[in-house]
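Engineer: Just so you know, the sequences run in chain order P and G.
Count the first sequence with the working numbering and you get residues 1 to 310, in order.
Count the second sequence with the working numbering and you get residues 1 to 310, in order.
Keep in mind that the hints were calculated from the coordinates and are not lab data.
Here the structure is a predicted model, which is why all the values come from computation and not from measurement.
Some clues are possibly wrong.
Facing chain G, a subset of chain P residues (Cβ under 8 Å, in silico) [to be verified]:
#1 139
#2 202
#3 205
All C-beta atoms in this analysis are idealised placements derived from N, C-alpha and C, irrespective of residue type, glycine included.
2 protein chains.
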Amino acid sequence: MVKSVAVFSPATVANVGAGFDMMGFAIDGLGDRMILRTNASEKISIKLITGDFGKISRIPAENTAGVALIHFMKHLDIRQGVELEIHKLSPVGSGLGSSASSAAAAVFGLNELLGNPVGDKLGLIPFALEGEKLASGCIHADNIAPAMLGGMLVVRSANPVDLIEIPVPDELCTVLVHPDLEILTKTARNLVPSQVSLNDTITQMANVAGFIMAMVNNDMLLLSRSFQDLLAEPYRAPLITGYSQVKQAALDNGAIGCSISGSGPTVFAFVTGIQRAEKIAAAMVLAFCKAGVTAHSYLSPINRTGTYSS
Amino acid sequence: MVKSVAVFSPATVANVGAGFDMMGFAIDGLGDRMILRTNASEKISIKLITGDFGKISRIPAENTAGVALIHFMKHLDIRQGVELEIHKLSPVGSGLGSSASSAAAAVFGLNELLGNPVGDKLGLIPFALEGEKLASGCIHADNIAPAMLGGMLVVRSANPVDLIEIPVPDELCTVLVHPDLEILTKTARNLVPSQVSLNDTITQMANVAGFIMAMVNNDMLLLSRSFQDLLAEPYRAPLITGYSQVKQAALDNGAIGCSISGSGPTVFAFVTGIQRAEKIAAAMVLAFCKAGVTAHSYLSPINRTGTYSS
């Protein structure tokens, strides 16, 4: 009997302010929609990918969803034939965790098809991480974890997986602005210095602390003061034409903070109030436009659901 | 008319686990008791210091309390004659913020004598920091801030002062063990590398996040996992004879975490439950003893009062 499941896994923002490589959150509406169907072949096959402009490999061993499934089946010691349809509802290579959404959706979907042998989403993360590793070259859970679980999460450790949920005030909203620029994750990663001064380390730690307590206490002034990154933003900003003007436009119009989503080029801002969010989004797009770059904006609350079957 | 005030300012623990140079808390019972008396001399004089074994200068310009008062009076544009009696109720040079207690007590006391011109304790901190600077050579608020205000605080910035209160579960108790060893703050500081690898920086940030959310959620298992320091402890531990055995004794007996208080040599452990705390204190003292070092233990909750007039 052929069984099938439809899954949605949200896009995610990593490198949240001071939280470089250790904090991420999920957003609403954007992400991967994936349909998984069992068959008798004992093989993984990717039948269809839409929305990727041909950028993503259809070969399972070269595709984050495929690699995640290979590792998951190896762990379960099964060879389940499964056919994937992947619909990319967020831009690929934009810094919104597209590969993480694919890996999380695939593992979650197969677990559903098999009658939930793992028991909870947390237990699925290590297999999704193996898929993500294909894209980033190393184990990073700051996109995978919020894609799977939703909300805002700190990754205290990826192996073993140790995640910490950060409370998010209801009124907090995200403005995402995606410019038509291409940045390779590898290029962006190589720009970040491998050594950090002790002073910068301490400042970054203090801003992480400030960010978290601001979320806990719903203190938007503290959140704004703490919304600083010394580790990656200064080095990656030059890759994004117009970045400093776009950031300034967001802050001038009342954004709590503004930074680069993942390794970019998407820029995100934290805002309270939907009207202010719309104004900020327009100002950011205009600033990109003035710098000669076409850009699209998107508003979203923090997604609290993560990956689900629909 | 001669006016006088008696002030107590608590001892403090800085470098709390992952919170190197940016987090500290106050403890009960230990600290500085100071009596300040006005006179007509227009000069600061230190009449008496007890409990310091002659280690602290009686010359105001060479004494943290004196220097703090000089800066405070300069700010107020007054020349108030004041005479100090300083009673050190915590060991000098032990890593328990002795100089911070003196600076905080002096500034708080003079502000009281003058009828509270500054209005709140927060406003007194910059002057106390000037006193502390004499001892440490630079502006660090991780002892001064909890000495003045009590509780557990993150210093997001010392200039301007930006402090963040971290909630502390009621049942959390501190074991302090002070070995008869001498460590110069300067020596301890020079041992900490001025560059940190990016990986260690991220791990430390994640542990700061874990520590704080553990406090917020009263999650002692997370607190234990997050109680790690990669920045200072590995480099300073060799200064404390028997340190690794003492730490192991604390953990083997159920301590949540154990690290070096300030720049040492005092070692502190977090514990829940007074009986367990007594057992851990005894085990730590015994471990020092086996390493040939005499040590004294002290149990304290987190002090929530800070500096007060008594």
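Engineer: Next, verify each hint and record whether it holds.
Structural biologist: Hints, verified against the model:
1. At about 12 Å, the closest approach between the beta carbon of residue 139 of chain P and any beta carbon in chain G exceeds 8 Å, and the interface hint on this residue is violated.
2. The closest approach between the C-beta of residue 202 of chain P and any C-beta of chain G is roughly 5 Å, which is under the 8 Å cut-off, so the hint is satisfied.
3. Here the hint on residue 205 of chain P is kept, as its CB sits about 5 Å from the closest CB of chain G, short of 8 Å.
Checked against the numbered hints listed earlier, the structure breaks hint 1 alone; every other hint is satisfied.
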